[in-house]
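These protein sequence lines map, in sequence, to chains L and C. Heads up, the first sequence is in the working numbering, so the first residue is 252 and it goes up one at a time. Heads up, the second sequence is in the working numbering, so the first residue is 13 and it goes up one at a time.
Calculated directly from the structure, the hints in this document are not laboratory data. Here a beta-carbon is modelled for each residue, glycine too, at the ideal position from N, C-alpha and C. Don't take every hint at face value.
Computed from the model, here is a short list of chain C residues facing chain L with C-beta under 10 Å [as the list claims (entries may be wrong)]:
1. N46
2. G48
3. L112
4. W119
5. M175
6. D217
7. K242
8. S243
9. P290
10. S424
11. M547
12. Q548
13. N551
14. Q554
No more than 25 Å apart at the CA atoms, straight line, and that leaves these computed lysine to aspartate or glutamate pairs for DMTMM-like [said to hold, decoys possible]:
15. L/K1145 - L/E1106
16. L/K759 - C/D378
17. L/K833 - C/D291
18. C/K45 - L/E966
19. L/K709 - L/E639
20. C/K178 - L/E848
21. C/K178 - L/E966
22. L/K817 - C/E205
23. C/K541 - C/E421
24. C/K148 - L/D949
25. C/K35 - L/E848
26. C/K541 - C/D368
27. C/K532 - L/D531
28. C/K44 - L/E1106
29. L/K1270 - L/D614
30. L/K684 - C/D291
31. L/K1055 - L/E1086
32. L/K759 - C/D398
33. L/K709 - L/E725
34. C/K148 - L/E942
35. C/K496 - C/D137
36. L/K690 - C/D398
37. L/K759 - C/E346
A few chain L residues that face chain C, going by a derived Cβ cut-off under 8 Å, partial list only [as the list claims (entries may be wrong)]:
38. K690
39. I835
40. P837
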Amino acid sequence: MQKHPLILTAACIFMLAAACPIAASAAATESPAPQAGTVVQVRGVVLDNSGQPVIGAGVVEVGTSSNGTLTGNDGSFSLTVKKGSSLEISCIGYETITVKPVEGERLTVYLNEDTEVLDEVVVMGYGTQRKKLVTGSTVNVTGEKLAAVNAVDAFGALQSQAAGVTIVQNSGQPGESYKMTIRGMGTAGSTTPLYVVDGVPGGDIAALSPNDIESIDVLKDAASSAIYGARAANGVVLVTTKKGKAGKIRVTFDGYYGWQNPNTNGVTPLNAKQYMEINDLAYETQGASKYDWAALIPKQYAQIQAGTWNGTNWLEETTVHNAPIHNESINILGGSDVSRFAIGFSNFGQTGTLGYPATPQFDRKTFRMNSDYSLIRKNGRDILKFGENITFTMNNRHGLSIGGIYDNNIRTLLAMSPLLPAYNDEGGWYEYKDIQADKWDFSAEMANPLAQIYYTRKNRYNKGYRLQSNFFLEFVPIKGLTFRSSAGWQYYHGESRNYVPVYELSTKTSNPLDDVTQSQSYSTRWSWENTVNWVKSFGNHNIDLLIGMSLEKWGYGNSLRVTNSKSLFPDSFDHAYISNTKEINPSFTSVSGSPSEEGGLSSIFGRLNYNWNETYLLSLVLRRDGSSNFGTGFRVGYFPSISAGWVITNEPFMASVNKDFLSFLKLRASWGQNGNCEIGTFQYLATVSLEAPYYFNDKNTPSIGAYPDILPNPEITWETSEQTDFGFDARFFRSRLGLSFDWYNKMTKDWLVVAPIPLSYGTGAPYINGGDIRNRGYEILLTWDDMVNRDFSYGISATFSHNKNVVTRIANGEGILHGPENAIAQNTAELYRVEVGYPIGYFWGYEMEGIIQDEADLQDYLARNCSGDPANSLQGASIQPGDVKFVDVNGNGKVDKDTSDKTMIGDPNPDYTVGLTFHMEYKGFDFSMNGYGSFGQQVAKSYRQFSDHPDDNYCTDVYTKYWTPEHPNNRYPRFTHGKHVNQSELSRVWIEDADFFKISRISLGYDLKRAMSFLPLAKCRVYVSAQNMFTFTKYSGMDPEVGFGNNTTWASGIDNGYYPSSNSWQVGVNITF
Amino acid sequence: MKKNILYLIAASLCLLFLSGCDKFLDTQSYTKKNDGNFPVNETDAYQMVTGIYAMMNMNLADPEEDPFFVFDIASDDRLGGGSQSNIGAQGVDRLMNAYLSWMEPLWQCRYAGIYRANYALENIDRIEKWSNDTNKNQLLCEIYFFRAWYYFNLAQIFNGVPMPLKTEPENLPRSSADEVYAQIASDLKKSIEFGPSLRYPKFGDGHVSKWTAEGMMARVWLFYTGFYGKSELPLAEGGSISKAQVVTWLEDCINNSGYGLVSDQRNLWPYTNPYTAPDYPYAKDNKLEWVTDENIENMFAVKMGNKGDYAGGYGGQIHHNRIVEFYNLRKTTEAAFPFSVQGYSNGPVCEKLWTDWAADPDYEGDYRRVGSICDRLVEIPDYIGDTKKEVENTDLFAKKYAGVEAWNEDHSSRYLSYGYYYGSENNRQKGLTQSLVWLRFADVLLMHSELTDGKVIYNGKSGLNAVRQRANLPDISYSLAALKKERRYELCFEAIRWNDLRRWGDVSEIVKNQEGNVIKNEAATGVYKFTVDFMQRYNETQGGFFKIPESQISQTEGVLEQNPGWGDGTNWTKGDLPYKFK
């Protein structure tokens, strides 16, 4: 782990200025007059291991107590010393060294960071703490590590670096959000952790450029996050942006450019000939006549037979090769002892690798300014300080429609028949007129998906503007007592516009009237926090007491959306504004406008950190929260926590243990309760909706209808997460080997859920406090850092975590929350559910033993599962080789058609996750590698709609994985046309293990400054990196990392045709001026 | 030290004071009302009642599970049809299980309607100021009608059902059929009694009225007494409704409602609309003129709107007629004009209806035969259909609920629906805005004849002969057999037949109409047959009652009991159609 540079530097300056009498006096007074001829002037520079100047280091002539100086802003110093004497160079946070200057040579001194002297500092809620005193379970990732992986945003950067934190992107489409879960899914509702940016809760961390982030701290256990009480049940993520430092102005530029390609994992749709062959085969097995291809597609059939056309490979057609990705960031940091600032500007752009001709695009520009000013300063100490952090982000994105089984462009591209041409002879889209002209009559379901993407997705943008800011005042009347008042304000503005022209691709796929849509929305939130912090030592008793209050309110804003048709400028996106549509008609005009959902939170909290001689550590937290989401009397919740630690290596009895072997050992234990209040508003109130129009006679004019839309639950209140954590942190071998271990047991009680109620109750079910879930697991973090010599250093970090998730209570009749039907294909039953005794969102269906290979195998199967009678099989009398062996799980001698033989056939939640990073530096060269993996989870996959679209295309794995009499196989059943029990009864056929390990980055860099010292730069690193280039998996789909959960908060691992991640080659520079 | 502690205490007190105010957390909804401020005036009352109507549309998001579709397809005159994936329709046709939680949308929407009616009854008296009593009584008439109507749907499909009569949630077991019908009768009686005697359309276009309640009472009475073998219909408050009472109400309706028969029955159906008819020789040659969806004959219909969407359930938005979409042919091609709106080919017409009708001397020259059924091979011979998807195709297509296209002004292209001319989208789905008619005046006349053995009542004729006269058929003397035939032909494809057969006890005889029907499955010729004998299923289900959604059985912790006949082994549709598909 890296140190926290801001704190480090600040501490350096402060300590040396105030507490280091040698250096201070040396700086303040003239050296005694040296004797001529016996003195020399020594000049030099003090640098840290990364080549950065160490500001304010003390340089003292050995043997004297008063001859010394401090290094300047560039790390340089000059001192007159006696000839032949040595210099002792020291700075807080570094190992003190003694060097002997060589006469006439400019001295370059490297200081090693000293982990013993000043421990890493981590950010906690409303403050910071030295890591060695932390009693909870947290992960700290520094900005350098985040920026080093060239991720799009903080989520991507964290992916391989935090044990116990699972981060999965919802899809690989540029600009897509991530799903982050800490220590397993703790609720059926929202599992999003609370994001706190520079102390302001409720921020958006995807809106920040990784280059602007100083550090991210993930608070995992209840004790660490309890200070955020009501919203901390899913954990807390604290983001600190870069702050200025006193000293020389430092300008850095970071930029890269990359070429991306999709990770399709070898998935290839069938070409025309293969497609016809498989379709004939499927039809033939039904005993029906083959397709008369020559009659159905006369023109194309001739071309295919002649070998002049292979059919359309829609996946290839839509692929964008070498799609660009780039980022440019400039950061300027600087300041004096009375004011400090940090300014950053970033420009990021990413093009999607699939989606031509409406190629997805995501652009983000961020501007950030942080500064602070000393208003009153006395004796080198800030009495009153003011500061602010402001980030402004602009996003612009557009892309494909992805998601479920309908209106999913990727699925359509994978499943569309290759027999349909993409382009007509004139080079235009192959449309309905061409279908008619060519007498193409294969299927009415088929429509040119490229043209559809072009017409429906090309002309659109979604822009977002987000301002996140906070302003603080800090008053330190006496040393150790700090009052802080902080006001945060956020503003979000979203804007979108799109245009869909008139088109006709088939009889079913057409748009007879163009559509113009314009929408705008904005929302704001503010927060105000006041804290008082008192730090005091009484002998060996150290106390750190914090008391605070916080008020938050959000939802001031509204949204407006208008859709209309008949643009006066047909086919022009530039003119697609509502003012250019003049006709108002209820059949195509739609207008909506509504306020943003309002809410508020009012809280007080306190924390006491106590330690005795940094050996016995204790932390107590209590927060009281009131939330507007609940009715009067049920609003307030109390969230306590207690944690303790014992630094064993400080004990006298450990003195005999060799410090070089075991340099540090701390045991930790914590317990606490947190809350979750993420539900819709007004669940406690019997609201009446006015959204029930009825058209009595005039078909254009609705009569307003009203109805009570919810059975209110006036007693709805907090969901509580109770967590116990035991762990230890240890360092071995002169601190080079670090080992942390945590075991946790997280019980979420009374989770907030809309549990189905009997439909005879007649209206919507409210949220109830309706279930419990347990997550239990452990996490191991192992690090090794070694500097072999000044030229060569390397380090490895490995994280390993295990989580087991089980639902222990659901408060409705059957103890089940059902998933929807038709999740992976039409006419399929419920695929996933939440049920007591099982992991959340587990896959539910028939167990299968494989495929019936031959007649003997059939009889064997029937004997074991169906009492020997085909009538007892799911397939019935027609069961034959090639069919699925559905298992009689309950052993009643038949495969039941109701639910009694259905069981757990998969679990989308990983059992184990690992992260691995390796880095190495040698004489200006650096090499690094990051990887992460998940194991034990399953994915449900189908790219075909076998029931209502029997003509959907297959992929080339049909030749190796589908059973045919000639090529028996155990993976997929025989080909059948249309709906068949083998497919429509969901079984393990559709479930696959999705274990994977991805090498997310390999990078090789070199600092040109090392070779070309004449460069007017402090650093000029150039590098090349391979991102996401290697995935190790047996999964057959495009990407094993499937975040999609069919829009159900608690579901995941549904591969319906998933926008895959991309790999890229990148080149970049890091320049420090 | 002391100073520090003082600082701390002072600061803490400040902080507590700042966050102590609970008012800070009060929020209010700016887009919804709540039971504190709703309903307070007459406008609110209308909105409350409109909300009850709206639930009928929401069921159309899942047309295979709408009562109209169920009653229509379950009868002998239509098959399930569609493609292999339309197992909902095929399940209805065969009384076999299609999905685990089959009929859930129906269950949900009907109970939602009942909940809204209960809410309205509990709250209507909170409104103190009415512009006049008639308005309030008309609304009470509508609320009671709908509670009865929604329960009647449930009772015909599921038999006795849980019967909440207030909004307070309660996990109730099933009431007996007698109890449910007694409540239906009581509510309809109240509806009739509250309803002002305003002639159509004075009480409001598209609204139900006293007259609708009178007609519906007759349907309930006939079904209950016929199916359950009773002589009277009980009332929840005690007592019962006699046949004579029903006849009195029907005569009140026939004489005083302002409803009547339109001149030509075919004019009720959209293929006669003025934008399609000029290009449709059948309509043009017969000088047919659509009377639109709002006319003197339609007494109760689910009305559609031009604003289309697809979401069902609570708060859903769907205002087009998806049953029509499911019945439509599968391909949009000029060869199928005017029935060239693309759909899913559900509900092919059974050959037996077509041939019986032609063979019956009492119906010689009945224009309603070709007016109701399109013989594809004759009317649209060039239409091939979607031979790779259509199953159970009989080449007979029902015209009453069918999307029709229309040519544009210069005859250069076709609009996907005539509805476009009336302001809908030019869309094969959302353009289908034909009302779904649940009660016609012709039905009222026929029920009157059935209850009075053909008493003269309308224009000097019995109801039976009045309806025949409109079809240009000569008078016929009353017999139950004649009445049954008349109901079959006049009301075909109107969700009437199935329950008529059930109450007459004719299912066992009539079901033979389907078996052996020549059909085409994905172009392969075969004959229609049942996987499991239909009468076996009919008897197992105690008279054609459907499966209570499985989810509701498990959700109520066993309080709700499943209907007989719906256990293991009824899931034929999870396999395949019984013909060529192995």
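Quick rundown of the hints versus the structure:
no.: 1; hint: N46; verdict: holds, 5 Å
no.: 2; hint: G48; verdict: holds, 8 Å
no.: 3; hint: L112; verdict: holds, 6 Å
no.: 4; hint: W119; verdict: holds, 5 Å
no.: 5; hint: M175; verdict: holds, 9 Å
no.: 6; hint: D217; verdict: holds, 4 Å
no.: 7; hint: K242; verdict: violated, 26 Å
no.: 8; hint: S243; verdict: violated, 31 Å
no.: 9; hint: P290; verdict: violated, 21 Å
no.: 10; hint: S424; verdict: violated, 14 Å
no.: 11; hint: M547; verdict: violated, 21 Å
no.: 12; hint: Q548; verdict: violated, 16 Å
no.: 13; hint: N551; verdict: violated, 21 Å
no.: 14; hint: Q554; verdict: violated, 20 Å
no.: 15; hint: L/K1145 - L/E1106; verdict: holds, 19 Å
no.: 16; hint: L/K759 - C/D378; verdict: violated, 37 Å
no.: 17; hint: L/K833 - C/D291; verdict: violated, 32 Å
no.: 18; hint: C/K45 - L/E966; verdict: holds, 20 Å
no.: 19; hint: L/K709 - L/E639; verdict: violated, 40 Å
no.: 20; hint: C/K178 - L/E848; verdict: violated, 31 Å
no.: 21; hint: C/K178 - L/E966; verdict: holds, 21 Å
no.: 22; hint: L/K817 - C/E205; verdict: violated, 51 Å
no.: 23; hint: C/K541 - C/E421; verdict: violated, 47 Å
no.: 24; hint: C/K148 - L/D949; verdict: holds, 23 Å
no.: 25; hint: C/K35 - L/E848; verdict: holds, 18 Å
no.: 26; hint: C/K541 - C/D368; verdict: holds, 20 Å
no.: 27; hint: C/K532 - L/D531; verdict: holds, 20 Å
no.: 28; hint: C/K44 - L/E1106; verdict: violated, 65 Å
no.: 29; hint: L/K1270 - L/D614; verdict: violated, 28 Å
no.: 30; hint: L/K684 - C/D291; verdict: holds, 23 Å
no.: 31; hint: L/K1055 - L/E1086; verdict: holds, 15 Å
no.: 32; hint: L/K759 - C/D398; verdict: holds, 13 Å
no.: 33; hint: L/K709 - L/E725; verdict: violated, 51 Å
no.: 34; hint: C/K148 - L/E942; verdict: holds, 23 Å
no.: 35; hint: C/K496 - C/D137; verdict: violated, 45 Å
no.: 36; hint: L/K690 - C/D398; verdict: holds, 14 Å
no.: 37; hint: L/K759 - C/E346; verdict: holds, 15 Å
no.: 38; hint: K690; verdict: violated, 12 Å
no.: 39; hint: I835; verdict: violated, 11 Å
no.: 40; hint: P837; verdict: holds, 5 Å
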